[in-house]
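*Asks:* These are the residues of each chain, in order.
Number of protein chains: 2
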Amino acid sequence: MIKPRTPPGVMELLPREQIAFQRMLDTIRQTYESFGFLPVETPVFELSDVLLTKTGGETERQVYFAQSTGALEKAGDGLPELALRFDLTVPLARYVAEHEHDLAFPFRRYQIQRVYRGERAQRGRFREFYQCDIDVIGKDALNPRYDAEIPAVIHAVFEKLAIGDFTIQFNHRKLLRGFFEGLGIEGMQQDLVLRELDKLDKRGEDAVRATLVGEGFGLAAEVAERLLAFSRVRSEGHDDALARLAALGEGTALFNEGRDALVATLQQLKAMGITESRYAINLSIARGLDYYTGIVYETTLDAYPQIGSICSGGRYDDLASHYTKSKLPGVGISIGLTRLFWQLREAGIVGVDASSVDVLVGLLDEAGFDDALALSQGLRVAGLRVETQMEAKKIAKQFQYADRAGIRFVALRGEGERTGGTVTLKDLSNGEQDTVAMDTAADWLAARMKERQA
Amino acid sequence: MIKPRTPPGVMELLPREQIAFQRMLDTIRQTYESFGFLPVETPVFELSDVLLTKTGGETERQVYFAQSTGALEKAGDGLPELALRFDLTVPLARYVAEHEHDLAFPFRRYQIQRVYRGERAQRGRFREFYQCDIDVIGKDALNPRYDAEIPAVIHAVFEKLAIGDFTIQFNHRKLLRGFFEGLGIEGMQQDLVLRELDKLDKRGEDAVRATLVGEGFGLAAEVAERLLAFSRVRSEGHDDALARLAALGEGTALFNEGRDALVATLQQLKAMGITESRYAINLSIARGLDYYTGIVYETTLDAYPQIGSICSGGRYDDLASHYTKSKLPGVGISIGLTRLFWQLREAGIVGVDASSVDVLVGLLDEAGFDDALALSQGLRVAGLRVETQMEAKKIAKQFQYADRAGIRFVALRGEGERTGGTVTLKDLSNGEQDTVAMDTAADWLAARMKERQA
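Quick note, the sequences are listed as chains R and A, same order.
Quick note on numbering: UniProt numbering labels position 53 of the first sequence as 53, and the sequence is numbered without any gaps.
Quick note on numbering: UniProt numbering labels position 246 of the second sequence as 246, and the sequence is numbered without any gaps.
Among the hints, erroneous ones may be present.
Part of the chain A face toward chain R, derived, beta carbon under 10 Å [said to hold, decoys possible]:
| id | residue |
| --- | --- |
| 1 | P15 |
| 2 | V50 |
| 3 | E100 |
| 4 | V386 |
The set of hints was computed from the structure by calculation and includes no laboratory data.
From the three backbone atoms N, C-alpha and C, an ideal C-beta is built for every residue, glycine too.
Sequences are here, hints too, so could you generate the full structure?
*Replies:* What follows is the structure, given as structure tokens:
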């Protein structure tokens with residue numbers, strides 16, 4: 001006998017938790033589709049030489065390789081042939097480069113699949129997790145207007161997920177780099193300063209200031225102060241965001257370009273009718289070092305800042321330079337749903353949902369079995385999700401089962417109902433019970449389900 | 001520069017093929033849910049000692065193992081710690097045993113995920129493919145009525161997939177083994193005979209007959225004839241199925257038990273209103289050797305018998321004996337959707353679908369941009385999937401783009417429409433074009449989409 005258990009670092013859910021998770025996945029997918037994004041799925045494994053062309057040391061150490069028994073036996077010194085994807089961005093780059101001539105650009109795709117990272121085992125850290133990505137990829141160029149469509153999608157997703165108030169925050173790498181230029185911080189030092197400012201949340205202002213004026217960086221105290229003041233800029237509301245950008249004044253050409261891009265994005269969001277309390281500028285956002293080149297996004301839950309960003313991304317200049325000579329600029333975001341779901345559950349915001357089953361068709365006596373089957377089939381044709389009780393049981397037991405399983409309605413036909421051509425329907429959510437004509441049963445149920453949704 | 005390419009043995013689709021595939025997946029999932037099955041997902045990898053407890057040599061040779069870089073470096077002589085699932089049945093057994101005390105029995109789950117097998121590379125053979133499984137698992141016992149619910153689900157799935165006429169065929173292992181008993185074939189020899197009869201489709205009757213009477217088996221010619229005659233039994237229609245089962249006469253207790261079980265299943269299917277041309281008995285079906293113990297199912301497309309079974313399964317006595325002392329009998333089926341999709345595409349039955357985007361909101365002049373954004377958002381609120389054209393282009397180019405992308409409707413507001421509070425809508429499927437008041441646009445589109453669905 002082997003003890004049944006999952007490997008460490010994976011999230012496996014009981015059915016009702018899985019239903020709650022699935023509803024979130026479905027909402028994200030429907031919203032992505034409502035903005036015209038097309039579905040893409042890629043294989044879980046890529047050829048190692050294709051997948052690892054772009055990654056540095058840290059990522060590569062986290063990659064899982066896959067080998068069949070035969071390959072294990074023949075294994076030489078090189079890397080195994082197959083590696084599991086560790087994000088959806090490298091597979092997207094490979095996909096777009098491989099199918100370039102079959103795709104229409106701008107190419108708008110969503111991809112919702114699991115990715116794999118050999119993280120150190122730790123609470124809330126997962127080795128297998130869902131990413132829900134959208135990207136718009138241009139050929140040669142991509143209109144900056146797409147920069148504003150992305151936060152409109154984020155907005156729609158989190159409104160529909162209804163997990164609390166949220167703020168989509170953005171910054172612009174050109175604004176940042178232009179600001180550095182203006183302070184005389186150039187080249188490699190920009191990356192180092194950026195990396196340091198990215199630690200503000202974790203280390204706090206004092207520690208970061210000390211590092212900036214310390215031996216390694218050697219910045220003047222006044223320069224450090226200006227960097228920190230810049231990083232403190234956050235807006236509240238649409239007009240405040242515009243005012244704060246205006247208050248930055250003029251800078252280098254790059255600086256002005258970044259600022260004007262943010263202004264255009266803000267205006268477009270307003271034209272799309274996005275609630276203005278849902279977006280803000282936050283000039284402390286940097287998002288890593290070398291990938292993003294334009295706007296960058298982070299999204300936080302207002303009541304749970306400690307969860308950190310729940311949806312991040314930005315604009316990049318060239319998606320697939322390792323695979324094609326074509327220039328493919330893009331903009332996109334990713335939601336790490338497994339970790340988010342885990343955090344929301346820890347915070348008590350999501351939990352077990354109602355069952356995905358709408359109706360339990362009960363069975364009171366064996367003579368009613370064929371009848372219960374026909375009733376079940378009839379309700380299915382009407383679009384309901386129906387479980388049929390296959391064995392006659394006491395009525396109290398059947399209600400108890402439905403209640404524990406989170407099934408809202410029970411439908412029953414005893415001898416009386418069968419003789420009278422009726423069915424007894426019970427709504428376990430409020431105890432309402434009715435005996436109605438057979439051909440109105442589906443309507444009775446549909447009306448109550450609709451009420452709940454509204 | 002690395003050549004972008006996928007590993008051999010995977011199926012990667014272009015967006016419009018992916019949309020067609022996704023529709024099939026969604027149909028299967030919705031149908032599974034309409035019969036009250038609950039969703040389960042398991043991690044792609046299991047601990048090797050947990051996954052491989054049950055498998056024989058052939059399967060184990062096909063298993064993929066996963067290792068992070070760190071694990072590769074430390075690798076000893078034993079098997080790697082993690083292995084990718086090669087089906088959804090072993091993970092189900094592990095899941096039910098692990099979560100036994102948190103599940104309600106009979107436990108009805110569906111699971112739609114990819115599985116991995118190191119198959120020899122070959123056209124139409126996949127190393128990564130979707131399985132779409134349902135199972136009902138009982139604790140200690142499982143009512144035989146579930147045996148008939150499974151083909152009702154299969155029936156609903158393939159009616160809705162609308163890929164042509166199909167026949168769900170079944171046999172019963174007790175009938176088979178009881179028939180062998182009656183011929184004096186006992187114990188291990190039953191398995192050998194079963195394996196031989198399973199080759200009838202591939203080898204033909206003459207070759208199988210020769211083997212049965214040959215040295216290894218040494219069956220009497222008359223016994224071989226009776227085995228072959230039994231295997232030839234197939235029914236057409238409900239009454240014919242009952243008549244053919246009755247014509248088998250009486251046999252051993254096991255034989256009679258199997259026959260009566262098939263009769264009960266047939267009667268239940270009739271009570272559920274399943275079209276009788278869609279199911280039949282076929283006494284040649286054996287489905288492997290040691291797993292199934294009761295009813296077994298196969299489903300074929302009437303016009304494409306060469307595709308073989310597109311949905312198979314059956315009843316088993318004990319799901320998880322390697323993981324728990326509890327007795328967990330069950331019944332279930334699996335659809336291998338990746339291979340099925342590939343075959344349907346080869347046969348020209350499925351192909352590229354219409355886009356998942358319903359409407360392209362075009363842009364005729366830059367002054368109309370904010371207006372196009374607002375129109376897009378309004379249509380989204382009405383439940384439509386909308387792509388917004390971000391750059392003003394010639395009208396012919398925009399129609400051409402929508403047409404090539406498979407987007408059915410284009411919505412446009414030029415200067416005239418903006419002044420008049422109207423919008424011009426075009427249905428590319430028939431050329432119909434109308435200029436309507438802004439607040440009726442969504443209704444105009446919805447009416448035409450509904451028409452198409454009906």
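*Asks:* Each of the hints needs a verdict: does it hold here or not?
*Replies:* Checked hints:
With 10 Å as the threshold, the beta carbon of P15/A comes within range of chain R, its nearest partner Cβ sitting at about 4 Å, so the hint holds. Given hint, V50/A at the interface with chain R, holds; its Cβ is 6 Å from that chain's nearest Cβ, closer than 10 Å. Contact between E100/A and chain R, as hinted, is supported at the beta carbon level, the nearest pair being about 9 Å apart and thus within 10 Å. Below 10 Å, beta-carbon pairs count as interface contacts, and V386/A has one with chain R at about 6 Å; its hint therefore holds.
Going through the hint list in order, the structure satisfies each hint without exception.
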